[in-house]
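A.B. asks: Okay, here's what each chain looks like letter by letter:
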Amino acid sequence: MTTRDTGNERFTGHGPEWRDANLSSEDARIATSWVEQKIDRRSMLTNKERVEDVRDIMWQLEKDGEIVVHRVSDEHEPAMVKTLYGWDKKVPTRRLWHHKSCGQCGNIPGYPASLLWLMNRLDIEYLDETDQTSCTAWNYHGSGIGNLESLAAVFLRNFHQAYVAARAQGLPDAYYYPLVHCGTSFGNYKEVRGYLLHSATLRERVKKILGKLGRLVDGKLLIPEEVVHYSEWVHVMRDRIATLQEIDCSQIRATIHPACHVYKMVPEDAIYDDQILGGNRVAVSTGILQALGAQVIDYSTWYDCCGFGFRHIISEREFTRSFAIDRKIRVAIEEAHADVMIGHDTGCITTLDKNQWIGKAAGKEVDLPVLADCQFAALVCGAHPYKIVQSHWHASSTETLMEKLGIDWQASKAEFVAYLEQVKAGKQENLYDPRRMITSGPGYIPIAKRA
Amino acid sequence: MTHATSSRVQTHIGDPVSEKPAVARADLEEIFQDIQSDLRFDHELNGCLNCGICTATCPAAHYYDFSPREIVQLLWTENLEGIYDAMQEKIWACAQCYTCAARCPFGNSPGGLVMLMRETAIKHGMQSAKNVLRPFSRVMLKLISTGNQLAPDMINRDHFADWGPNISKIDAPLKVLRKAIPMPTLNTTATAWEVNLKTSIELYTIWEETGVLKQLETIDENLFDVISDIMDEKREDWKDWLADQEDEQDD
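Those protein sequence lines, which keep their order, are chains A and B.
Start counting the first sequence at 1; every next residue gets the next number (our numbering).
Start counting the second sequence at 1; every next residue gets the next number (our numbering).
Misleading hints may appear alongside valid ones.
As the list claims (entries may be wrong) - Calculated cross-link-like contacts (lysine to aspartate or glutamate; reagent style EDC-like; alpha-carbon spacing at most 20 Å): (1) B:Lys-169 to A:Asp-367; (2) A:Lys-63 to A:Glu-225; (3) B:Lys-123 to B:Glu-81; (4) B:Lys-169 to A:Glu-399; (5) B:Lys-234 to B:Glu-208; (6) B:Lys-169 to A:Glu-415; (7) A:Lys-449 to B:Glu-246; (8) B:Lys-179 to A:Asp-433; (9) A:Lys-82 to A:Asp-274; (10) A:Lys-413 to B:Asp-171; (11) A:Lys-387 to A:Glu-334; (12) A:Lys-449 to B:Asp-250; (13) B:Lys-169 to A:Glu-421; (14) A:Lys-207 to B:Asp-38; (15) A:Lys-413 to A:Glu-429; (16) A:Lys-449 to B:Asp-244; (17) A:Lys-404 to A:Glu-334; (18) A:Lys-212 to B:Glu-209; (19) A:Lys-90 to A:Glu-268; (20) B:Lys-198 to B:Glu-246; (21) B:Lys-175 to A:Glu-421; (22) A:Lys-212 to B:Glu-236; (23) A:Lys-387 to B:Asp-171; (24) B:Lys-130 to B:Asp-85; (25) B:Lys-214 to A:Glu-149; (26) B:Lys-198 to B:Glu-233; (27) B:Lys-198 to B:Asp-244; (28) B:Lys-179 to A:Glu-415; (29) A:Lys-90 to A:Glu-77; (30) B:Lys-123 to A:Glu-399.
Worth flagging that the hints you see were computed from the coordinates, not collected in a lab.
Since we're looking at a predicted model, the values are computed, not measured.
Bound conformation, chain B alone (with noise of 0.2 Å):
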């Protein structure tokens, strides 16, 4: 839909006076039950009197056309059609403070109802998820293939140019700076610390039982092609280890 006047609502759940919908009611329904289905859901979301104390206090909701207090809303009163179109952008403004959880009189946690949304959407695909993911995939690969969200060698100059010139005030190769760090575990430069092969073995298994790298393979096949192949290769090497064992016991 691209004539002027469309508006977001129009691109992603149909044009209003059209009567037939972008979005099939179907799917519509299907969404909304995989939010719901999460054991999180009843513990999260137990009414709400739209009293907004939860958006007064809410950090995003200073700077992005996001309210929590609209999202539980959506949720309560079941419309369908305005959680999709909160899941298109708006739940990805969420800063994830739970502050709106402290604050609420009705002990819900829009902030735990915005990652039941942020999970469905990857389920299902969306484009919007795509999109908003795609700056993190450098984060995921770090994280998913070896169990440290972040590394030394992503903190640089190149990708945090906004942080200025004291990244490091020492200038000094990264690789001493971190040999100068007397805790020997995090003598390391492409992870936070050093982990253990058999730690990361055990994480792989985590990520395959969870549904984890489902998720990724929906989200960006790519990205799960390059982590399999990681994986792949750590797996091998700790098949060599053992059988590294059993040989030297044998002697």
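In isolation and in its complexed conformation, chain A is listed as follows (with noise of 0.2 Å):
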């Protein structure tokens, strides 16, 4: 335990009753041990009452008729987690559709495309496609504006374009299974799915629309039987991405950040692991850094938001710039010594990275790479650092991380650069056929006329 020194200064708000109890540095540490336990551990999240498995009201509705459950199939190759409470969940490793997240796609591109390139190493068929929106919850949760039904038929509607995806290809539906890349997607349609369930005037409401948008299974209602973050693949096919490593990272010190939307908003259905830093975090990220072999130190505001703030990070960046440097980076830097932060949530990075600059004019100078654990993870497996990690859209300094890590960035800057030019040309390398982009309407070219 360490001690700040506050000089004389004591901190006010006791109330005139309050004495000092004059606890030896032992004392004081013995009778507030159990203040740090119940925040060490995942115990707090644990001493709950009317915790209720929402899949058993799924399963109830889909024998009475009432919906239609999209199943993770054999065929999805599920690999099964233990969640919160110890319950387990299915997580499909293959026949993907990958459910974008705007902010990644918009802001830090490498984050999806490090996703697909480790895919493609490992020969997992996926399906990028134009026929999604983003789940809206950004907006609601910074704006309100939106509500519950908004929110349910947006799931709704892109849950079953997964489900029926695979016709364009000719293939039956329920083919894929939705891997969701946002964070706050994925708290968000879990949350919803749970209110959906509950709710009979919710559901019939919602109906109606996904009616007159034809988004009904045999007349019902579609429900995912799990919703599914990216970092529960990469976390569950860790030990395979291991296979693909070509850089050591053991002497990387990595510090995680979980994201609020990941394991506090319907956290029971977070993935813990007891062989993952005793069970006592959530276990998705440092689970493939562990595995990858890098050191991953923990800090103690490891549980503090990272400052996005939904509304702030656009309208009151005073706030999230403050929280992210005071509360994340600096300690990160100061007590863990970090050489990189890893997180899993499009809003987190793109928060702990941009907002690190600006401490300069507050006297606050930091400088931490920030990167998500599916491109670190694609990194040291040796994709690109520029075409598929695409590490020029991140503001903190990853090229610190790369040098550490002994890729000479310089080069690979400099190859990029270069196939800028092929790109002007129009002749850039992907990661699929784009033909396969289009699954409807216009630009969708049927296979039987494909050459």
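Once you've looked at the hints, go ahead and assemble the two chains, each given alone in its own frame, into the complex.
C.D. replies: Right under this line is the structure:
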């Protein structure tokens, strides 16, 4: 335990009856150890009543003929994991429909590109298509524009599209299973799924809308058996990903920023593993970093959010940058002597990466590379730092990290700059056949007409 | 109310020594009724012992005059004036991280309750909501008209000067850099990914059917008009495409 030197200053707010107990450091440590235990262990999440597994309701509703469940089938080769309460969760590992993130694709595109690159290397079949919207939850949480019905309708529309998308390739329904890239989409969709399963009124309202859109299955709402985040796929594939590793990262000190909407929203669905940090932290990201041999270093503010705030990152960044620097980046540097901060969500990566430079203006100079777990994995598995990891979109000093990994980033950057000439000539390299990305409407080329 | 000693409470709730409230009791009741009638309300509010664990862990409470404990208490005790006051400013401080919800021993979700209050502030066209959301209009235009919240052409040094000089560390036209992303869906500049026209049309139906456009009209009529025009244009494009398909089939 560290004690901050505050001179003679005492924190106020205790009330006039407060008297200093004058405990020794050791006694103070013992007296407050229960608080630390509570904060350090996932017990703060598990000591709760009224937690139910909504999947029980889901199976009953299907039995009653009210809904159809999009199953994680054997063809998706699921891996089983344990969640907060020790429940099982099925994570599909192949035939995946990429549900992209607007923040990742718009701002840090190396995030999804690295994920697809890893899938290519592992020969995983997937579809990345244009028929999807974002979950709209960033806007909702930021502005209040939207409501439960709109969120539910968007969720069911996008997941229905995942269910039928393979038709464009002459393949059956339910061929692909949706893999959600964004942490907020993941949390929001799980929350909305819970409300849909609980509320017949909500189901009735959105059923009318989905009916208008032609998005019902046998006249019923389609509900996914599991809502799966990409970090969960990375987690269950971590040992296979590690077989691709080309660059040793055992000297790298990594701090993990777990994303609030991944494990605090619908916390009962987050993955925990007793072998990973004693089961006291959500397992994703730490699992892959450890599998790759990096040192995962804990820090005291691991539980804090990043400061994104949804509205704040757009219109009140004084809060965002203060929180990101003071509560996350500086702590990771000073306590953990981190070489990198690894995250698994759109908003967190953006916030932590982009809000360091401005610290100089307040005399808070910080410098810590920030990457998503799949970007780090791709990097040490030999992905091109610019063509694939797209590290040029990161404001933080990813170059410092690359130097520690022994990557000649200057040579890679020069290669990429030269490659841009090829791109200008329309000869860019893609991770998949572009003809697959349009599955209906303008631009769709039926299979029979494809060369 | 402009005299020197007026407080925010006086401005929004009324002078405590005056017998005439600034907001009629019936209006306060209607606002609370709207919050309470959301089906999430009973799920997100189960009781409160004022333990304050939510506020202790709240990022917004570090920097703002905001306390999730206070929000829960106001709703739990049905303090209508206090609820109205909190809707003027405080609810917009919440960072929506749901740390409070994960920690609350009662299973409350103060962050979730804040969302119900924000939705209600919009429904009632509160000036506070209009003020707070004005800088958000660019984002809402993008999201409602395209289904993407964030687009590459929104991230530039004019709008994000505080992000420093490294928005892209390679100096090349945005269009070229986007073409160099090896996912063809991402070779775009005006949306985060290429969105199928059919997808946009379906999204517009969702907005209409769920009252989102009405919310928007209440808060920002000009933005609503701009978005309506975009929607009309895209719907025309879709009709034209469908007609072309029919013609092709006839041929």
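A.B. asks: Next step is simple, just say for each hint if it's right about the structure.
C.D. replies: Consistency of the hints with the structure:
no.	hint	result
1	B:Lys-169 to A:Asp-367	holds, 16 Å
2	A:Lys-63 to A:Glu-225	holds, 14 Å
3	B:Lys-123 to B:Glu-81	holds, 18 Å
4	B:Lys-169 to A:Glu-399	holds, 11 Å
5	B:Lys-234 to B:Glu-208	holds, 15 Å
6	B:Lys-169 to A:Glu-415	holds, 14 Å
7	A:Lys-449 to B:Glu-246	holds, 18 Å
8	B:Lys-179 to A:Asp-433	holds, 15 Å
9	A:Lys-82 to A:Asp-274	holds, 9 Å
10	A:Lys-413 to B:Asp-171	holds, 11 Å
11	A:Lys-387 to A:Glu-334	violated, 33 Å
12	A:Lys-449 to B:Asp-250	holds, 18 Å
13	B:Lys-169 to A:Glu-421	holds, 17 Å
14	A:Lys-207 to B:Asp-38	holds, 18 Å
15	A:Lys-413 to A:Glu-429	holds, 16 Å
16	A:Lys-449 to B:Asp-244	holds, 18 Å
17	A:Lys-404 to A:Glu-334	holds, 19 Å
18	A:Lys-212 to B:Glu-209	holds, 10 Å
19	A:Lys-90 to A:Glu-268	holds, 14 Å
20	B:Lys-198 to B:Glu-246	holds, 16 Å
21	B:Lys-175 to A:Glu-421	holds, 13 Å
22	A:Lys-212 to B:Glu-236	holds, 19 Å
23	A:Lys-387 to B:Asp-171	holds, 15 Å
24	B:Lys-130 to B:Asp-85	holds, 16 Å
25	B:Lys-214 to A:Glu-149	holds, 14 Å
26	B:Lys-198 to B:Glu-233	holds, 13 Å
27	B:Lys-198 to B:Asp-244	holds, 15 Å
28	B:Lys-179 to A:Glu-415	holds, 16 Å
29	A:Lys-90 to A:Glu-77	holds, 9 Å
30	B:Lys-123 to A:Glu-399	violated, 48 Å
The earlier numbered hints that this structure contradicts are 11 and 30.
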